[in-house]
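Visitor: If you want the building blocks of each chain, they are given just below.
There are 2 protein chains.
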Amino acid sequence: MLDPLFKPRAVALVGASTKELSIGNVIIRNLQHYGYTGPIYPVNAKAPEVCGLKAYASLAEIPGEVDLAHIIIPSAFVPQAIEECGQKGVKAVIINSAGFSEMGEEGARLQREFLANAHKYGIRVFGPNCQGIINSDPALKAYCNFTFTFPKPGSISVVALSGGVGALIMQALDDLDIGQRLYASNGNACDVSIAEIIAYYGEDAGTKAIILYTEGFDKPREFLEVARKVSATKPILAMKAGRTAQGAKAASSHTGSLAGVDIATELIFEKVGVLPFHDEGEMVRAAMAFSSQPIPKGNRVGIITNTGGPAVIATDVLVDFGIEVPKLSDAEIARLRATQFPEAALENPVDVVATAGGPQFRAALDVMLDSEQIDCIYINFVTAPFTDTDAVAHEIVAVSRQRRKPLVCNFMTNLKLERFQKTMAILKTGEVPFYANPGDAARALGALVRYGQIQQREIGRAQIFAGVDRQGAEKIIAQVRQAGRTVLSATEVYEIFAAYGIAVAPWQVVKNADQAQKAAAEIGFPVVVKVDCAAIDHKSDMGGVAINLQSKAAVQSAVEEMQQRLGSQGELSFLVQKFLPGGRELIIGASAERGLGHLVMFGLGGIYVEVLKDVVFKIAPVTEVEADEMLAGIKTARLLDGVRGETGIDKEAVIAVIQRVSQLLGDLPMIAEMDLNPIMAFADGAFAVDGRIRLEEQKPC
Amino acid sequence: MLDPLFKPRAVALVGASTKELSIGNVIIRNLQHYGYTGPIYPVNAKAPEVCGLKAYASLAEIPGEVDLAHIIIPSAFVPQAIEECGQKGVKAVIINSAGFSEMGEEGARLQREFLANAHKYGIRVFGPNCQGIINSDPALKAYCNFTFTFPKPGSISVVALSGGVGALIMQALDDLDIGQRLYASNGNACDVSIAEIIAYYGEDAGTKAIILYTEGFDKPREFLEVARKVSATKPILAMKAGRTAQGAKAASSHTGSLAGVDIATELIFEKVGVLPFHDEGEMVRAAMAFSSQPIPKGNRVGIITNTGGPAVIATDVLVDFGIEVPKLSDAEIARLRATQFPEAALENPVDVVATAGGPQFRAALDVMLDSEQIDCIYINFVTAPFTDTDAVAHEIVAVSRQRRKPLVCNFMTNLKLERFQKTMAILKTGEVPFYANPGDAARALGALVRYGQIQQREIGRAQIFAGVDRQGAEKIIAQVRQAGRTVLSATEVYEIFAAYGIAVAPWQVVKNADQAQKAAAEIGFPVVVKVDCAAIDHKSDMGGVAINLQSKAAVQSAVEEMQQRLGSQGELSFLVQKFLPGGRELIIGASAERGLGHLVMFGLGGIYVEVLKDVVFKIAPVTEVEADEMLAGIKTARLLDGVRGETGIDKEAVIAVIQRVSQLLGDLPMIAEMDLNPIMAFADGAFAVDGRIRLEEQKPC
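The listed protein sequences derive, respectively, from chains U and A. Mapped onto the numbering used here, the consecutive letters of the first sequence carry residue numbers 1 to 701. Mapped onto the numbering used here, the consecutive letters of the second sequence carry residue numbers 1 to 701.
These aren't lab readings, by the way, just hints derived from the structure by calculation. Any given hint might turn out to be false.
[Stated by the list, open to error] Distance condition first, Cα-Cα at most 30 Å in a straight line; then the derived BS3-like pairs of lysine-lysine:
1) Lys152/U with Lys422/U
2) Lys7/A with Lys416/U
3) Lys416/A with Lys208/U
4) Lys428/U with Lys428/A
5) Lys651/A with Lys613/U
6) Lys19/A with Lys422/U
7) Lys88/A with Lys416/U
8) Lys208/U with Lys271/U
9) Lys219/U with Lys234/U
10) Lys552/U with Lys539/U
11) Lys422/A with Lys416/U
12) Lys208/A with Lys88/A
13) Lys88/A with Lys46/A
14) Lys422/U with Lys141/A
15) Lys152/A with Lys422/U
16) Lys635/A with Lys249/U
17) Lys613/A with Lys613/U
18) Lys152/A with Lys141/A
19) Lys297/A with Lys428/A
20) Lys416/U with Lys229/A
21) Lys578/U with Lys699/U
[What the hints assert, rightly or not] Covered stretches of chain A (chain U as the covering partner; in silico rule of three or more C-beta atoms under 8 Å from a C-beta of chain U):
22) 22-30
23) 167-174
24) 308-317
25) 373-383
26) 610-624
27) 635-649
Small disclaimer: the values here were computed from a predicted structure and weren't measured. All residues carry an ideal CB built from backbone N, CA and C; glycine is no exception.
Excised from the complex, chain U in its bound form (with noise of 0.2 Å):
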């Protein structure tokens, strides 16, 4: 339990000082500011008072009982501090001092030294490296942190890696004035991690919805099981940073970050349901929306505006968002035209004109909340100079207030006018999320209604597929692993492929080409002959490969071209196997992600993933919806229907190869990299026609 972090009793500075532009000031001030319930107790060693409260010259000298403790002392002494703080009986503490893993190994030592200490107390480490953290609530207002904005109660938690991306985000929320509720930057975060952070939030009855920012995780499977739990109950938005080769060595190169470039964190946030953004600024607008409205049922708006061009902007964003703007029944158009103005146009969008008052404004709301096609609201509301605007944002509440629909409101105006500062007073105190432009709101709503989307995908669970041979594969690992040995054979990963139920084109491994004309003929016309021998890595770039041998004869002139060409290379085997022509070339793939396990990938083969890489990724283990959605989410999902009078593959069977690829990865972790490439799809049944899985490499006990 972080409840000593977050909600301390009592507050100690070790490091606390009067010179006023030190941290260790600025954190005593922010605590009063604040209205920080708790004592708070300064420590310096020499002066009598800090910031006008009695100082302590150690912490074993304070009277009361300490929950939290700052430290914010030069690095070397932190270790000896943590000693003090566990004598003391201290249970959490934040290391605002910096020095420690993001400075190199004698700050990494320093870090393990006072690790030891606190875990021979029980004492919980936030930071080091560190902002700290807020907790709104009115009855404790605890400003743990040296930052310079003082958010309002309210319902959004915030947790940031980055103090600065953490900072900017209470500010946007605060200038949007959205209430808080909780706040937290860990910094190096080598002991309370982000995962256990949003667990905590998770279980905080005070907040509904949860911001976060990242730029990867540590320890991704942690966070993805937290993040799978408290997603369900609330929203989770979420942005990581790093997305580019530069920005994520950017991310590297500041404070104690672990960042690279990966594909895998934004996959966490699909699989359990986390909300993505790309763009700080969204987010924190869609977060103005989140605390106020209902989620959204569907995807269909409608939109009330009294200018024109506005909703064109709006209404491109919102399609761009995959969401509908569908036509008004006749019943409801003509409810329209009996309360509309003359000029009024009464599709879907409903321009009420400039001239439209509270009345007009209302009457066109009450249609959409009760029209059956319509799931939200978005609305264009520009201060025309002569009209009640009072009125309008009068009714605009009121709708809101019922939350039967979600809306948003694109308010435009000058607000350097008095007149219109009250009009936005009423939207404000009524808690309508709304925007300067329609741009924002449109991508505001767009975020509910993607948000609905998220709560209503139900993936399932991996199914187990019956009559694998577990035992078999583990097995042919373990004579890989003795002969030292880290890439498989064509047999090893054929029979591995079998003992999952994934079809392999018939095959046998020969040793010449006399065998080689009878495997062929047993297994029958036409053929491909491959090289098998481990230290061909690329064969068909090495001219390893014969395909479409249609006799004997041309089996045994491919495997004597091959022994002559490629007998220097070592001692070969030749795979002869079943030519399979016609069928759509496809490719899955799988690759061990650190901390997480395996992420399964497919696409189409050939140009389709080496030009266009038109290929899609999953976390194993990978369910039957998310097959489903993998061959659905290629740009060329088309041409798996067949185009120009093709008929389309077996989808089912595809799905299936790629659920017992996700069984098979889940049974066997020690594989880093497996490639099922290609697999030829045909109107009915796949087949692997190639394959390769390499182990991690073993590490020395």
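Got chain U; can you put chain A on it based on the hints?
Guide: Just chain A now, with coordinates in the frame of chain U:
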């Protein structure tokens, strides 16, 4: 010249009103509030005065000359009012009233009527159904508009089809404290067009940059010609809404707009060097950077930050813009090491750390200014409570004022604190473009860089190929016209291609199997036989194409089979053509765009165009540079270079074909649609193997 409109020496208001919430009152108060320096003449038959000004019963009674009159009376009376304007010698009118072409035939009739009166007297008409204009020139202060934002003088001029978006832009610029010069929103635009306004802004010495919002153009060619001239000297930042089908529908439903889903507008922007935006907020924030910063000479950014995460976010966004973040040289890093705190990160991004003050920021800025690897500067400036933030702001202003390299600043602060308000005021007074989050700042810098690239792009002039037989082609078309057809036969299509030097696979047209065999022998096997009959449009689907015929016998049976199957469709001819296997299938297409000329399309044929829609468009005439950009612009461009060991195609030949097609279209404007589909491209040469030309319907005389 639009001087009477934008620089009126006296303004009359026909329809001046004593009612506070009416347009005829609001405009007078706006003129007064803004401080219009000329006389204002309210025209009102009943009231002796309006807004404290003497009112006149009619225009005729006004003692002085009137440059500009607002018309704010019911539409039925407008033609008579324009007549009276003419008699009074009024030079321009702004018709704010609605009820014209946007309201059906009766309105359109009134519009024709008042326009006839206006032409009789040489009156320029702005609107109808419009807002009006603003001129912020302190010597004039003309606010001929009913909006509610009062821009401070500046150098950015705005023109917007939609009044709602125009007002939004004006307000957003004002919220950012950016001065504005001229403003115009011309509603139905029955006379003064957006192109004319852009031309006027181009000549206006006080206008340094232009912001344009549109939903399409009535006369795109007029705009293209004007924008080409103006954008050569002044940046035009533009947004075209109605990108989506639903957005275009919303556009066409509002005031007098002529929008449809067009790609032509964005192509015009590209062709003439207008900087396009898809987000109104982003456009306005970019304008802030344009209003004070020089245009960067390249795409290499130096990033200075005093906080980690926001630099990661900024880097991601900058990289999305194609901006590079080069490593600094050893000498530059050494210079930084000498001036920065020990914890600073000296790579690019340079993290001066949170404790950095003015000297550290300035030293880092100076390194960036001096570096030959850096073209522009991005700054993250969070107002750490423990630093002299004013000193930092002063240094940023000093560097910005040098105008050596453009810079933008992400300024993260809490403006509720007086201390930081002061810091902000320093940036603002110093005309530093600053933003509230890293994404916004990075996108503003991205716009500057992109504009720099646009400025440097020189598309050249369209090549005129010699030896083209224009008269021959015109003669063919005249014959088609004479025959009452719009679709050309294969012979006609190929002859026109030949007339323009477009290589066509050798072909002959024959009537029967005997002739076909003879033709095939002359052309050389293998050949293709295609049915050629005006009644058969999709000959491939109808079984009217036989490919790869290797012998006379094959040709004979193909022809006879087609005769049997398709003979009932009409008189059949047969096209015998050289079969060219193994090339890369391409498509070049063209279509006439109302009022603009032709769009030329290029893509890979087959599934690439059908499934991937991977095509690129340009407006004819297409220059060599543009044709080259078309080849590079498709997503599958790499296929043109050859993959998997293939040789690439003869790009020069394809580029030449595109240019010849462009010349053909320029000479033959009556072509409605044309296809070269496919063109087979080889390592040496490219040959059209099928084509289609359709002419525009002839208008009845």
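Visitor: Give a verdict on every hint.
Guide: Cross-check of the supplied hints:
no. : hint                   : in the structure
1   : Lys152/U with Lys422/U : 21 Å, holds
2   : Lys7/A with Lys416/U   : 27 Å, holds
3   : Lys416/A with Lys208/U : 26 Å, holds
4   : Lys428/U with Lys428/A : 28 Å, holds
5   : Lys651/A with Lys613/U : 23 Å, holds
6   : Lys19/A with Lys422/U  : 22 Å, holds
7   : Lys88/A with Lys416/U  : 39 Å, violated
8   : Lys208/U with Lys271/U : 21 Å, holds
9   : Lys219/U with Lys234/U : 22 Å, holds
10  : Lys552/U with Lys539/U : 22 Å, holds
11  : Lys422/A with Lys416/U : 20 Å, holds
12  : Lys208/A with Lys88/A  : 36 Å, violated
13  : Lys88/A with Lys46/A   : 20 Å, holds
14  : Lys422/U with Lys141/A : 28 Å, holds
15  : Lys152/A with Lys422/U : 24 Å, holds
16  : Lys635/A with Lys249/U : 27 Å, holds
17  : Lys613/A with Lys613/U : 16 Å, holds
18  : Lys152/A with Lys141/A : 10 Å, holds
19  : Lys297/A with Lys428/A : 25 Å, holds
20  : Lys416/U with Lys229/A : 38 Å, violated
21  : Lys578/U with Lys699/U : 39 Å, violated
22  : 22-30                  : holds (count 3)
23  : 167-174                : holds (count 5)
24  : 308-317                : holds (count 8)
25  : 373-383                : holds (count 3)
26  : 610-624                : holds (count 3)
27  : 635-649                : holds (count 6)
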